[in-house]
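K.L.:
Here the protein sequences come in this chain order: E and P. Residues in the first sequence are numbered consecutively from 625, following our numbering. Residues in the second sequence are numbered consecutively from 625, following our numbering.
Source of the hints: derived by calculation from the structure; they are not laboratory data. Hints are supplied without guarantee of correctness; some may be wrong.
As the list makes no split between identical chains, a pair holds if one copy fits it or if it spans any two.
With a straight-line Cα cutoff of 25 Å, these simulated SDA-like cross-link-like pairs (lysine to any residue) come out [what the hints assert, rightly or not]:
#1 Lys787 with Leu634
#2 Lys699 with Glu649
#3 Lys630 with Glu739
#4 Lys672 with Lys683
2 protein chains.
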Amino acid sequence: MPRISKRGTLMPNSPIRKLVPLAEEATSKGRNVIRLNIGQPDIPTSDKALAAIRNLDTKVLEYSHSAGMESLRRKMVEYYKRHNIGVNYEDILITIGGSEAITITLLTCSNGDDEILVPEPFYANYYSFATSTDVNVVAISSHIEDGFVLPPISEFEKKITEKTRGIIICNPNNPTGHVYSRKELEQIRDIVLKYDLFLLSDEVYREFVYDGEEFISVMQLEGLDQHAILIDSLSKRYSATGLRTGALVTKNKQLRDTALKFCQARLSPPYVGQIAGEAAIDSSKEYMDGVYEEYLSRRNFIVKALNEIPGVFCPYPKGAFYVMAKLPVDDAEKFSMWMLEEFEYNGNTIMLAPGAGFYTEGGLGRQEVRLAYVINKEQIAIAMKCLEVGLSKYPGRIETASAKKSVLAAK
Amino acid sequence: MPRISKRGTLMPNSPIRKLVPLAEEATSKGRNVIRLNIGQPDIPTSDKALAAIRNLDTKVLEYSHSAGMESLRRKMVEYYKRHNIGVNYEDILITIGGSEAITITLLTCSNGDDEILVPEPFYANYYSFATSTDVNVVAISSHIEDGFVLPPISEFEKKITEKTRGIIICNPNNPTGHVYSRKELEQIRDIVLKYDLFLLSDEVYREFVYDGEEFISVMQLEGLDQHAILIDSLSKRYSATGLRTGALVTKNKQLRDTALKFCQARLSPPYVGQIAGEAAIDSSKEYMDGVYEEYLSRRNFIVKALNEIPGVFCPYPKGAFYVMAKLPVDDAEKFSMWMLEEFEYNGNTIMLAPGAGFYTEGGLGRQEVRLAYVINKEQIAIAMKCLEVGLSKYPGRIETASAKKSVLAAK
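In isolation and in its complexed conformation, chain E is listed as follows (with noise of 0.2 Å):
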């Protein structure tokens, strides 16, 4: 037999989906699996985008240009404005999901071997990206014992070297709820400056800031029109994660029309997704504010409960709708498997994305969890109380020193 790839092999398995195969299992058994796992919101569609795709009024459901429809670019330069960013159509790049965004910006900006930093933990599949484009992902490490503060931006200049190519930064980030300051943002453009780098910004989560916290777009960062790549996808927004439309989006030609080559290899992004993303842009303002008071709500919910666990530690996140929280277990992953293997409580068990994956180096995150609050309040419940009862039972649990009091007396 032909032998794999060594990008191949090395590709991780996504932390968010590697234990989907534990949780059929479980499921078929008959048990009630709670998905946290995953940035799947049970929340309805934007009934805009809904009634797009029920209306759709075409014979032939054809490509688009590769770029994307020029009607949904121009819409979405109509929101960027209602947000204070300033940008022309021509600058936005529709790509399939900001997954496709990140690809081919990395294809575009980097060769093999080239280096990336990433503030750490980070979105999982950032590094899958990078393995499939064969650069090397270098992290900046932050701590759940510190509440996941930006580490001072010395940090990030040690490890810049003759391979670094540019930045990302989630913001706000999945999966530590981290909204970046302006003076952060400030210090990371500096350096993007001095050393001649691109920054890549994933803003999908735009919308999810909470506590009065400011949302800054790298597109609002002066000096910056031939450096940032602003990554952008309406899945989360508009709870429709399915569509796959996402968005490029630079005041860089020359970037953009090399990442137009990468679009123009895959033809162009799904017909009926851009027809529903265009018309979810119009969503109401009540739908908007609903969605938003409800992942609040949740996130006060998820925080709370987790804290009365004994031994859990979840810092207060104030964006996105991930916590991360610190188990009192010898390994995250091995009890995230225990849980949908051995255990269930009334019928149900719940479904944890390991943290270790969101890190790159061995060891970081092996006791913290990944929990996405888009289930209901009631289900929360329930997965909170299956926790707390797994917990105690799990033959790893192990008693840590807990972070817990220093942290929260803080706030």
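Model the placement of chain P on the given structure of chain E, informed by the hints.
P.N.:
Just chain P now, kept in the frame of chain E:
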């Protein structure tokens, strides 16, 4: 400004789409541009697919399984069974069009700087997929003067090196219309086994085989379970290119498991594309037969018309819906640009895909163009008149020793 990547610079502009800006300009001047450049059929999408979209009854447009919806995969098993191809649903990974299936296969089978053999002329985007995965395309040339008969199998063997990881064939071939004979496929199989290579067979035009030729799938060849990868797409079959629903099919479990990791990274294929694709597989025999007859009739019409234009030569394609034609011009790309920039006839002009982009080597295909017969015969007739008049006025016209007589006489 940070520099663009080498692979971004090397990435070719799609010959199928590179002239789009000139076409847009011609349109803005009021000219009617008849598009022969791209395989975008005017044929209505299967009504089963459209009905499934309009009847969508979900409240949340969610991610599907990264491997695709199980119901779609099972439906494809039925489809393949009708075509005497025996696979299980586990053998099928749903991809975002055939494009993604090829990219993921290259990532799974090869590392940077590895080589892949491809008979040329080939679907131009193979070169793009190879460039984006840092794989080198090694071509085995066939020639329009010979009616694109495949070179002897010894030509394949000569090009195999330590770095060769696989062979890509497109059957029926885009752009030549070549349909691989059993003898050719068995010879390729023997080489694949002898050198332990992967064999990628792009069979998206399976439905469109003419003149009683027999279509044989790579999945029907014995002994290739660990080597064969079927690349498929629902786009052309059901006239629904905007769905972006394709498949990577293989019996090789290790390859599939590795490919699934790349699928997980991009989360899932489009939701609506899968729902509509599943419905499309139940398209009526009347629809499928009607589409077939229409393409057959268009093929006969365009080949005859092309060969009647002085100095033009076009061999008969046996499958798919493209023709390659040799034109009496200095450079077919220059001619194609001239047609958009300088020419009109009764307010019309045509957009062609320059042939050189379907070959690797400089020079080959320079007098050729690819034309897609995906528009109706009335439009084709107007397009052929434009071509005839355009060729008679084009300043770079040259008379070439035509191979027309010998090849056509041999039929």
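K.L.:
Determine for every hint whether it applies to the structure shown.
P.N.:
Hint-by-hint comparison with the structure:
1. Lys787 with Leu634: both (20 Å within a copy, 19 Å between copies)
2. Lys699 with Glu649: For Lys699 and Glu649, only the inter-copy Cα distance (23 Å) is at most 25 Å; the intra-copy one is 44 Å.
3. Lys630 with Glu739: So Lys630 and Glu739 pass the 25 Å test inside a copy (18 Å) and across (15 Å) alike.
4. Lys672 with Lys683: Classified as both; 21 Å inside a copy, 12 Å across copies.
The structure meets every hint from the earlier list without exception.
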